[in-house]
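One line per chain: the protein sequences are H and X, in this order.
Just so it is clear: in the first sequence, position 180 is 180 by the working numbering, and no numbers are missing.
One gets the working numbering by counting positions in the second sequence from 1 and adding 315 to each.
Where hints are given, some of them may not hold.
[Stated by the list, open to error] To give an idea of the interface, some chain X residues facing chain H are shown, with a C-beta separation under 8 Å as derived from the structure: (1) Glu590; (2) Pro595; (3) Gln599; (4) Lys740; (5) Ala748; (6) Ala769; (7) Asn770.
Derived by calculation from the structure, the hints in this document are not laboratory data.
Ideal placement from N, C-alpha and C gives every residue a C-beta, glycine not left out.
Listed below are the residues making up each chain.
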Amino acid sequence: MTLAPSRAAAAGAPTGARQRPRRASRSVTGRWSRISYLFVSGYVLFALAFGILPTLYAVRMSFTHDDGTFAGLTNYVDAVQDFRFLPAVGHVAAFVGVWLVSLLVLVTVLSLMVHAIGRAWLSSSVRFVYYIPGALAGAASVVLWLFLLNPTVSPVSAVLRAFGFSTFVETIAPGNLPVIFAVIAFWSGAGGWIVVMYGALNSIPVEVLEAARLDGAGAVRTALHVQLPMLRKWISYMAIMSLAAGTQLFVEPRVLSQASHAVVPNDYSLNQLAYLFAFKQGDLNGSAAIAVLLLLVTLVLSVFFVIRGGLFERD
Amino acid sequence: MTTEHPRGAASPLRHLVVAATAAVTLLALAACGSSTSPSASKSDGSTSAFGFAPVKQDSSAAITVWVDATREAAAKQFQKAHPEVPIKVETYDGGADGSGSFQTKVEAFNQAGSGWPDVVFSTQNNEAAWASQGKDAFAAPLDKGYLDKSFLDGFTPGALAPVTVDGTVYGLRNDLAPTVTWYDTALMKQFGYTVPTTWEAYQALGEKVGKEHPGYIVGTVGDSFAPEIYFWGAKAPVNVVKGTDQFSANTSDASSVKMATLIDDLLKSGSMAKESVFSPEFVQKYTGKVLMMPGPVWYSGALFNNPSSLKSAPGTIAAGLPLGWDGQQAVAGNVGGGTWYVSRHSANLEAAKKLIEFVTSDPSYQVDLAQGLPAYKDAGDKWLAKQAASGFFAGDFAKNVSAAASEVWDGWGYPRFSQEAVWAKTVTPALSAGKSLVDTLPEWDKAIKNQAQANGYKVK
Numbered sequence: 001m002t003l004a005p006s007r008a009a010a011a012g013a014p015t016g017a018r019q020r021p022r023r024a025s026r027s028v029t030g031r032w033s034r035i036s037y038l039f040v041s042g043y044v045l046f047a048l049a050f051g052i053l054p055t056l057y058a059v060r061m062s063f064t065h066d067d068g069t070f071a072g073l074t075n076y077v078d079a080v081q082d083f084r085f086l087p088a089v090g091h092v093a094a095f096v097g098v099w100l101v102s103l104l105v106l107v108t109v110l111s112l113m114v115h116a117i118g119r120a121w122l123s124s125s126v127r128f129v130y131y132i133p134g135a136l137a138g139a140a141s142v143v144l145w146l147f148l149l150n151p152t153v154s155p156v157s158a159v160l161r162a163f164g165f166s167t168f169v170e171t172i173a174p175g176n177l178p179v180i181f182a183v184i185a186f187w188s189g190a191g192g193w194i195v196v197m198y199g200a201l202n203s204i205p206v207e208v209l210e211a212a213r214l215d216g217a218g219a220v221r222t223a224l225h226v227q228l229p230m231l232r233k234w235i236s237y238m239a240i241m242s243l244a245a246g247t248q249l250f251v252e253p254r255v256l257s258q259a260s261h262a263v264v265p266n267d268y269s270l271n272q273l274a275y276l277f278a279f280k281q282g283d284l285n286g287s288a289a290i291a292v293l294l295l296l297v298t299l300v301l302s303v304f305f306v307i308r309g310g311l312f313e314r315d
Numbered sequence: 316m317t318t319e320h321p322r323g324a325a326s327p328l329r330h331l332v333v334a335a336t337a338a339v340t341l342l343a344l345a346a347c348g349s350s351t352s353p354s355a356s357k358s359d360g361s362t363s364a365f366g367f368a369p370v371k372q373d374s375s376a377a378i379t380v381w382v383d384a385t386r387e388a389a390a391k392q393f394q395k396a397h398p399e400v401p402i403k404v405e406t407y408d409g410g411a412d413g414s415g416s417f418q419t420k421v422e423a424f425n426q427a428g429s430g431w432p433d434v435v436f437s438t439q440n441n442e443a444a445w446a447s448q449g450k451d452a453f454a455a456p457l458d459k460g461y462l463d464k465s466f467l468d469g470f471t472p473g474a475l476a477p478v479t480v481d482g483t484v485y486g487l488r489n490d491l492a493p494t495v496t497w498y499d500t501a502l503m504k505q506f507g508y509t510v511p512t513t514w515e516a517y518q519a520l521g522e523k524v525g526k527e528h529p530g531y532i533v534g535t536v537g538d539s540f541a542p543e544i545y546f547w548g549a550k551a552p553v554n555v556v557k558g559t560d561q562f563s564a565n566t567s568d569a570s571s572v573k574m575a576t577l578i579d580d581l582l583k584s585g586s587m588a589k590e591s592v593f594s595p596e597f598v599q600k601y602t603g604k605v606l607m608m609p610g611p612v613w614y615s616g617a618l619f620n621n622p623s624s625l626k627s628a629p630g631t632i633a634a635g636l637p638l639g640w641d642g643q644q645a646v647a648g649n650v651g652g653g654t655w656y657v658s659r660h661s662a663n664l665e666a667a668k669k670l671i672e673f674v675t676s677d678p679s680y681q682v683d684l685a686q687g688l689p690a691y692k693d694a695g696d697k698w699l700a701k702q703a704a705s706g707f708f709a710g711d712f713a714k715n716v717s718a719a720a721s722e723v724w725d726g727w728g729y730p731r732f733s734q735e736a737v738w739a740k741t742v743t744p745a746l747s748a749g750k751s752l753v754d755t756l757p758e759w760d761k762a763i764k765n766q767a768q769a770n771g772y773k774v775k
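Okay, chain X solo, but in the shape it has when bound (with noise of 0.2 Å):
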């Protein structure tokens, strides 16, 4: 091959004077451009009778309402009972697993400075903790005259709680996410075994399942929001939030050690799945097999009574107590329980309000369709009467989950960051790899502090 020197050696010179030139231009538009922040004339500071400054209202505009796909019922159920409402339904993830779909969405738009949805759906319990903060603030304060302190009034004592920031109520709860002890009567009764109330006791049986009954299960580890179930219901002090910045996780406490302990026993013994009950290959390996499982009230509706799930047989699954270190106090552990958002951006805050209202609490879609145990009181009540009433569940199940409801943990905080997200990406492909949980403690403890510091926490 061979080379030549380039014609003229003045023209590329000539073309880089005039790419620098351009350069400089645009750097010094583009300097222009950025000196007038696109909110800044949005919010004048005022508040109003609502605790903020809504924008200019219409109230014929259509409001955008983002939902998960199991929430779509709720948003069609309201275009049923509303239908002067205009509204518009988006789904997306509902921010599951921790994917953050809701908060990077909004942050663009706030870069945008248009383009807000004007309520939305979450799966996550901790998205007040950012939602709430800022300059560009999404969600609407709920509780400073925009809602009536009587509707608010009607939730499940306590349920506000995760969308509380700073005695502030930023959003409504879908449904409530005790954790309950899942048992299956049939096979207790067929193996001759008793329900543990402790986990100690519920170690020993996993232990005994593991020998005599292989191939059936206590329990699965293999989902994001295990911590939830076996961490949060252990008392372990591995997601401690104070105020809106300090934050604190100790996985070598006495709890947390003692959980992973557990957990890895029940792993060795094959008792514990490491699959997630969303996977098929759950489905496939234990359909009629699940002895026990400690997990969410909603397990219910989207697990044992589901067709294209575990689909087990009526009259057979119990829901027990949460279940307690021996001596000490029982607690339940929490997953999700979706939560509900109004934008502070919405032209139309009466319309949001109807919707927000009617999906928390109109037995249309909370008794009638919801999967999950509704939140708000009177719903809930009904919900838990229609179960109990449908003879699909054993044993007391309306009282369990009540008082299942009523033990949530409350050292367990609501971060900026989700747990679930750092678990599944530290821990799952651990575990799934044959290592230890307790062994895998020190990496797990580094990566929530990390996570808790990249997001602004002063991390103890």
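Excised from the complex, chain H in its bound form (with noise of 0.2 Å):
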């Protein structure tokens, strides 16, 4: 699961209120539109190979038995019956709801603070700090948080007993994981976010604020009725990645439940699921009918981020 937007992500996010004069677009040459199909071609292979390809490998496998025959909805009928599958979506869906929301407001309210602090070594240095656990990949992630979640080892210990949790069993009871795989994934992934939506602020233009100053808004005014509304785009782009990322969850469970000496089960989410169906009973196709409504899902709750966001306007 990548949590951290990726640079290349960042790279192809929309330019936000950046406006561009509108004769910049009709000038553009024959010779010019060439040269940005070359510079696009990289991404389409790759995304080809390794995202349409064994997507559309997916969908196939997902209508057939293992011999290759036509099996109609059978496979999705088996998965969606299967004992596990409904905990699944339970499971990750709470996840979602709980960190998606806390990832949105929490970003965007440290944005604008980071933003409004008016020395510039320090407001580089707080994103700096931001920024820093992203850089741990996934797993080594969670094995850090193996210990501060272990009261008996935890530097925070008395954070964990405050809550009434004497032992590691009873920090991640099974009502916990949601927050706590939230508060991993929010902790190692919040920092790059930070970053890009510090750089959307910094788009938007001086003239703009200034106005609104002029007119006696004042800081939380401007953010509310000035920045969030110019942020929309940035947002939901957020949304939409992070979401991705979060249906996909099965590092931090996977990691936890052998940490865990298996109390946090090892089909706690539906990736998890989806592998055991492939590797732990065979079911390969099954476990494409899994990925594949993951896909749909994902993909509704995308083109409502997309519309809702106004993703695809034009400034």
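Combine the two chains into a complex, taking the hints into account.
Listed below in structure tokens is the structure:
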């Protein structure tokens, strides 16, 4: 699960409120447009090889038996009726719900706060500090959290005990897991988004903010009525990327499962279930069906965010 | 924010057509690509002198050996004794707590059609149930000509039962892991207690300890293998396997309920811990406070005689006989006891054979270094004699441990899934949250049966 926005993704992000003179787009010559095809070709090739092709292969597998004959919806029915499917849907939904809301709200608030810091050195050091945890790759950050979550060895055991957790098993009780995974994911991924949002805030013209101030708007009103609406696309972009990453929850429960001697089940998330279908039960077709279902849900939700966020509208 | 219609409405449509065409082409390509199975060319169905069709052999090929961290010593010892055999040692979790990593990795290699390790060690004794089955079966049969009968006969009777499927032996047992009743002779004497020999007396003692010596414990249910200590040892029919596809579990059976009540009772009195023996909190809270603890024989080296665990004083810890219900024959449970498998895909079966014979029977590993009771009879006897001679354990250690090894209840099966993982995810959090085990039994029952069904068993 990639939680931090990748550099490529950030580069491909909408250009926000930057005003581009309309004449420029008309002056694009054939030569330039051909070069632009060259620029995107690398992405297209990789997207085909590692995105589109495997997806189509999975769709095909999900509608066939393991001998290649057409199976109709059998794999889907079997997967959905599996006793682990609905609990896994519930787990992932709870996690994505907690995480997405906290990510969107906190990242936006923190970015606005960091942006409001007047001193350049302080602002850049704060952004750097936020970004550091993102440098730890998924599994490594979970291992770090294993220590933080165990009251016996945790440097913040006082906090855990204040919540009434005196053992590791109490900390990782099933009801706490969505919040725990959300905290881990937020901690390792939010810094990258804060940097991205900070960049977006910088792209808001100074004149606009000045005009707001002249009209008597304070920091909060400026944030609410000027900055936030201009950040709408960025926020929905963050929502889509995080949603796609969040529904693919895998590394955190997997590592936590091994570390907790299986108290965190190894079939906690949908991706784990797909993994078990494929490699524990040898049912690759059922596994493909789960993957396709996951894709469908993410697609539908992404379309919602795209439309509501005005992501494809031009400024 | 102003919006504008995209220029040239035809352009997105064109892209869509291109994408759709590409999609159809790719789908067709994918369909062609998968029509040949990667393993089809490997096995022609013929059988050889070994009872399976080996791949082309190469006596100089390096063999890949998977071990858990503890068994790395076995592989190292082999390298020392046989420097002429090229081996590559890789460590993994050993399948601990039913993680299933052995199976999931092998399934991935089956898909890829290559990459299998030659020899694998697993801490779980139910791997043969899947490794021997299917068209891509991983484990090589060992008693159809590959290993000598005289060598196989050297194992303690019954030791190979978990790795025997439909009468064929698919693996070698590393160690035997019967449960015994560990107790601290010094504490027993200090408190003036006598060692119980039945579960009923054990329960009564636990209640007394809870009242008279709070903080001291007579056992723990915090580990994923707790059902193998308590329910296996109580003859509870919650893991019954018949043939290769029949499974039944009954948690409302009298023995199951009696054991659950016993555990609830002791949890309530405070003399039963909820922590895993491998957790730092267990060592912190209970070092010097373990009055009794039913558990596998490998607790000897893993907990008591281990400076980084309980670090018991020499001459204090004794292994008592397994407990039984009042008026019934006592039986032992069993927790793991590692197993070794050879891959059918190995290109150097001769080297693999040398290795598994060495690690299971050679005294330089099994007697000198191994933590648990060796399954190979000769090494086992020597290991017991060595433990007795060391004077670390009090009482008649060798006699009681051998007795327990021959009393393992045979009503507990070895299905294709892990009872440990089911217990850990359903029962452990419930007990931790203060729920009673008796109340959790229906939930546990359902979880076991669901797991059995998902793994292809007909469940009764």
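These are the hints, each one checked on the structure:
no. : hint   : in the structure
1   : Glu590 : holds (6 Å)
2   : Pro595 : holds (5 Å)
3   : Gln599 : holds (6 Å)
4   : Lys740 : holds (4 Å)
5   : Ala748 : holds (6 Å)
6   : Ala769 : holds (6 Å)
7   : Asn770 : holds (7 Å)
Checked against the numbered hints above, the structure violates none of them.
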